[in-house]
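Two independent chains are provided; combine them into the complex using the hints.
Protein chains in written order, with the working numbering: chain A, 1 to 495; chain B, 496 to 635.
Worth double-checking, as some hints may not be accurate.
Examples of chain A residues toward chain B, derived with CB under 10 angstroms [stated by the list, open to error]:
no. : residue
1   : W80
2   : K146
3   : R202
4   : G211
5   : Q224
6   : G237
7   : R253
8   : E282
9   : R426
10  : T453
These are computed hints drawn from the structure, not numbers from a lab. Cβ atoms here follow ideal geometry from the backbone N, Cα and C, with glycine treated the same way.
Single-letter residue listing:
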Amino acid sequence: MLPNKRSGLGVAHIDSIKQVSDVSWEIPTTYKQGMLVPAKIYATRKLLDAMDSGVIEQVTNVACLPGIVRQSYAMADAHWGYGFPIGGVAAFDLEKGVISPGGIGFDINCGMRLIRTNLRFSEVKPKVKELVDLIFRLVPAGVGVKGFLRVSDSQFDEIMKYGVKWCAENGQAWEDDPSHVEEGGFIKGADPSKVSRQARSRGIQQLGTLGSGNHYLEIQVVDQSRFFDKDLAKHFGITDPEQVVVMVHCGSRGFGHQIGSDYLRIFDGAMRKYGLSVRDRELACAPFSSKEGKDYYGAMVCAANMAFTNRQIIVQQVRDAFSKVFHRDAEAMDMHLIYDVCHNVAKVERHSYDGKSADLLVHRKGATRSFGPGHPDIPAPYRDIGQPVIIGGSMETGSYLLLGTQKAMEDTFGSTAHGSGRTMSRTAAKREVRGAELQRKMQERGIYVKAATMDGLAEEAGMAYKDISEVVDTMDRAGISKKVVALRPVGNIKG
Amino acid sequence: MTYKFLPDVALADIAFEAESNTVNGLFESCAMALTDIMVDQKTLRGRMTKEISLKSDALDRLLYDFLTELIVMKDVESLLFSEFHVEVSGAGSELAAVAKGEPIDRVRHALRNDVKAVTMHMFGVWEERGKWKATVVVDI
Numbered sequence: 001m002l003p004n005k006r007s008g009l010g011v012a013h014i015d016s017i018k019q020v021s022d023v024s025w026e027i028p029t030t031y032k033q034g035m036l037v038p039a040k041i042y043a044t045r046k047l048l049d050a051m052d053s054g055v056i057e058q059v060t061n062v063a064c065l066p067g068i069v070r071q072s073y074a075m076a077d078a079h080w081g082y083g084f085p086i087g088g089v090a091a092f093d094l095e096k097g098v099i100s101p102g103g104i105g106f107d108i109n110c111g112m113r114l115i116r117t118n119l120r121f122s123e124v125k126p127k128v129k130e131l132v133d134l135i136f137r138l139v140p141a142g143v144g145v146k147g148f149l150r151v152s153d154s155q156f157d158e159i160m161k162y163g164v165k166w167c168a169e170n171g172q173a174w175e176d177d178p179s180h181v182e183e184g185g186f187i188k189g190a191d192p193s194k195v196s197r198q199a200r201s202r203g204i205q206q207l208g209t210l211g212s213g214n215h216y217l218e219i220q221v222v223d224q225s226r227f228f229d230k231d232l233a234k235h236f237g238i239t240d241p242e243q244v245v246v247m248v249h250c251g252s253r254g255f256g257h258q259i260g261s262d263y264l265r266i267f268d269g270a271m272r273k274y275g276l277s278v279r280d281r282e283l284a285c286a287p288f289s290s291k292e293g294k295d296y297y298g299a300m301v302c303a304a305n306m307a308f309t310n311r312q313i314i315v316q317q318v319r320d321a322f323s324k325v326f327h328r329d330a331e332a333m334d335m336h337l338i339y340d341v342c343h344n345v346a347k348v349e350r351h352s353y354d355g356k357s358a359d360l361l362v363h364r365k366g367a368t369r370s371f372g373p374g375h376p377d378i379p380a381p382y383r384d385i386g387q388p389v390i391i392g393g394s395m396e397t398g399s400y401l402l403l404g405t406q407k408a409m410e411d412t413f414g415s416t417a418h419g420s421g422r423t424m425s426r427t428a429a430k431r432e433v434r435g436a437e438l439q440r441k442m443q444e445r446g447i448y449v450k451a452a453t454m455d456g457l458a459e460e461a462g463m464a465y466k467d468i469s470e471v472v473d474t475m476d477r478a479g480i481s482k483k484v485v486a487l488r489p490v491g492n493i494k495g
Numbered sequence: 496m497t498y499k500f501l502p503d504v505a506l507a508d509i510a511f512e513a514e515s516n517t518v519n520g521l522f523e524s525c526a527m528a529l530t531d532i533m534v535d536q537k538t539l540r541g542r543m544t545k546e547i548s549l550k551s552d553a554l555d556r557l558l559y560d561f562l563t564e565l566i567v568m569k570d571v572e573s574l575l576f577s578e579f580h581v582e583v584s585g586a587g588s589e590l591a592a593v594a595k596g597e598p599i600d601r602v603r604h605a606l607r608n609d610v611k612a613v614t615m616h617m618f619g620v621w622e623e624r625g626k627w628k629a630t631v632v633v634d635i
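Isolated chain B (complex conformation) (with noise of 0.2 angstroms):
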């Protein structure tokens, strides 16, 4: 599990490749690097446990809505997690999700941009050489 982020693909946003041997480790690295974004993971607790569910038509439109629904908890809850463990099934139209984080503390969180969507630019989910790869671009 793992992903960097792309310095040079989005130049008043932020953009990262996530890759993985599995898809469910790819959509875990996905939503670290969306966490790493927004704050310094290191000062997030795993205190609460949110479970996520989704349904969609295809694997990258699977991605989408979960890198979504992590957004608009963020906005709507004030909730940032630090850790995922995420199970796609369904040939990849079905996600199960458990995320364990913590309502958003000014203080003691290192907070970082505030991303506010997940755009389409360059977005893609695919299999290469036996890893999971994505490249997602968000908007701050």
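So here's chain A without its partners, still in its complex pose (with noise of 0.2 angstroms):
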């Protein structure tokens, strides 16, 4: 059977499944000869059984891997992925553990990023469309595109190892900005001599380009049947029901995707030479304190702090358009960032488990980091309420801000889901609809949308996705992140 054919995973055809909660469920190591750690996966019986029977499959796979702490998850959103299922979660100790380019993904700190106005739906509604198709024309989108942001070898060097810092010492972002992004905007520990020449020449023409895919641009409206914690949003400046935001979807482009080829290669052979063997040739890793585990992250590291300045520069770009459409300062619209996470990253982080505290690596691969209130990582505005957590929804469902719980500390490693999972390959989605009919459908609903192809457009259609509904609330229900509001879309840019 093909791995990630839908089969429903049936609970019953799984015998040593336990279930730990409404919303959890347990896979012990007697399941698979190799497991290290049991699995747990976080969905309701319903997310369950729609399960592709690849995730499974795939999150014992990356339980058996060397070094990994305590139990290797599958989140609400989990489906099949390359390697470790996309939704999972595995923590490494330093000494011990591996690090693998497929617990991280190709696209290399794919995220999603925040931004509020303080500008009503009333007043942008009748603007929507010019806005959308003067954002299409500045943030270039679909195959091959490049950026307009020219820099120079020795400048890429810097986005490299600085991401955003970089960005605000060059006039590239506001001053607010880099500490309100994850890691304040980028990751330590960058080198820039492990980036191929390559990846290297795919990256340096992208900054500022959305890319294709699921990769998305939203203009959004609070809505307002979801308006979970007002007292909550008000932290993140959303305090009215008809406020205007606008969320970004992307990630490092072909540069992450390079660094990820290049490294694959590597550790490919490096396997052999550490007496290491996988059962599925993406889950191709390396011990961590080795040369080809530390050059990987590396290399790693400066394609996350590329992804973070790409996020960025299409956010100046954003503010432009609005500026332009407005006849406004961007700042004079309230145009700050509530938040950037990352969703495809690992990360050495400080956790406190099985009654002792240790520097983990942590791989999120399709999850987000949910970091709970007090945590020292957490910028000071947010605090005290926990890391804001940025949810994704396909194209039509609409998308949710969340906080990050004390509970996702102590049960996941401080991780919660990033999106809502696909369901149905771009083959059948697109032999359910065509992308001009999706287009019309989804303007009268109220939902301008513009695409780099029309191909393109009906493959994100959002039937081949899961309720993303019904994701968050696993989450909320399992305590590991927390509803604030969802946005629903009402202008989108498909890359």
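This is the structure we're talking about:
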């Protein structure tokens, strides 16, 4: 059977799966030879039954990797990915554990960014088409696109090392932007000397581009019917049930993909050297303490910092577009960054588990950091309430803003889901709906869409994804993130 | 020289299987399939010629590197190709290819998906009853 064929898991098919709560399940180490830790799946019974069988195979494969700590996790949006499931979280001991490109994803630091405005929807509604059309021109999307920002090789080195901090020092960010990005806008430990010539040449021209696939840029409005916690939303500057915000979903473009490809090849050889064997070629890994492991980490951080920069440049373009359309400064429209989260990355983080505290390498692939209140890595304005968690839905269904929790710190190394998760292949989605028809239907529902290609639009139709509300409710009920507000799309740019 | 897409292999991405009577033909089929994912080939013209030379330690890695090179040229030089002539030598360790195509034209070309990487999932090259075959899954 093909690994991601939608067979529907059917809990009965796995005798050893144990229900831990109404939204979590555990597969013990006896399920598969070589499992070092149990696997834990967050899902309602309905989501679990619909989950593709590849998730079970992959979350238990990850549980076999050397140095894994406590549990291998699949979040409620989990679906089959390369090596690790998308929606997968795994933490590794720094000495005995491994680093795996398959645990991060090809699109290193793919992530979500949300900015607010002080505009009401009634004011924006007549301008949505003009805004979307202008942003579509300012933020290139589609096959082989290049960005408007030209940087030298030495500037690109700085971007790889300092991400949004570089932007702030070079007129590409507002003063408070870096502090509203995960890790302050750059992860420490970047090593540009570990990035190949090919990766560099792909990345240097792609700053400020949206890309394609499931990436998008969306003008959204607070969903009045799902405004869960008005007091908490105030901390984000969201106070009005008609307030307009802008969400960006993209990553490190071809740069991160090339680093992923380069190191998949290197790790394929390194595994023999270190006597490692894995169940799937896409699970290629190397000891984190080895030369190959350190080299990949140094290159991966470069891509993560490039992705932060990419989203930053895009937001600058969005601020410009709003200024042009509304004839006002972006500052006057309060277009501040609410937050920017990674959902494809591995980072060294300190966690307490099993009665001890240790630095661990936490892989999150299609999973979001969800640090709880009081954590020192959360920017000051949010420290008392928890880290903002941005969960993107499909083009049609809307997205959510949540908060990290203490329970996530205790249960999942401070992690939660990232989106809705695909359930239908691109080919199948195109069979079901034509791009032009979908565009018309969305317009009838008040969502103006502009896409680089009509095929690409059809492939991202809402029916190709899980129900995001069910995913978000699961994570909220599990206590590993807390719902604050839902955001519904009114304008969408599809890469 | 032929290829077909495998719709049920990768939910978020695109998979294909290619076959040919020769290794050279197989590489050409894979390159054509890759192009087909990104653009309607009928809208491309072979106005420019590029030469590609690669060395690798195994035939499957050589194919991986060849397809990756085409993806890199799409991003770095904005080139898409509609014709390929490939010669593999040195017991599958060396490749010399000539590709004909042109720079991306967003008006004239019917563009499709942006391929970002070749994955190792199900990746393989093999000979079966006198035919050379390959399975490739690309990341979108």
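To see whether the hints hold, each was checked on the structure:
| no. | hint | verdict |
| --- | --- | --- |
| 1 | W80 | holds (6 angstroms) |
| 2 | K146 | holds (7 angstroms) |
| 3 | R202 | holds (4 angstroms) |
| 4 | G211 | holds (6 angstroms) |
| 5 | Q224 | violated (32 angstroms) |
| 6 | G237 | violated (33 angstroms) |
| 7 | R253 | holds (8 angstroms) |
| 8 | E282 | holds (5 angstroms) |
| 9 | R426 | holds (6 angstroms) |
| 10 | T453 | holds (6 angstroms) |
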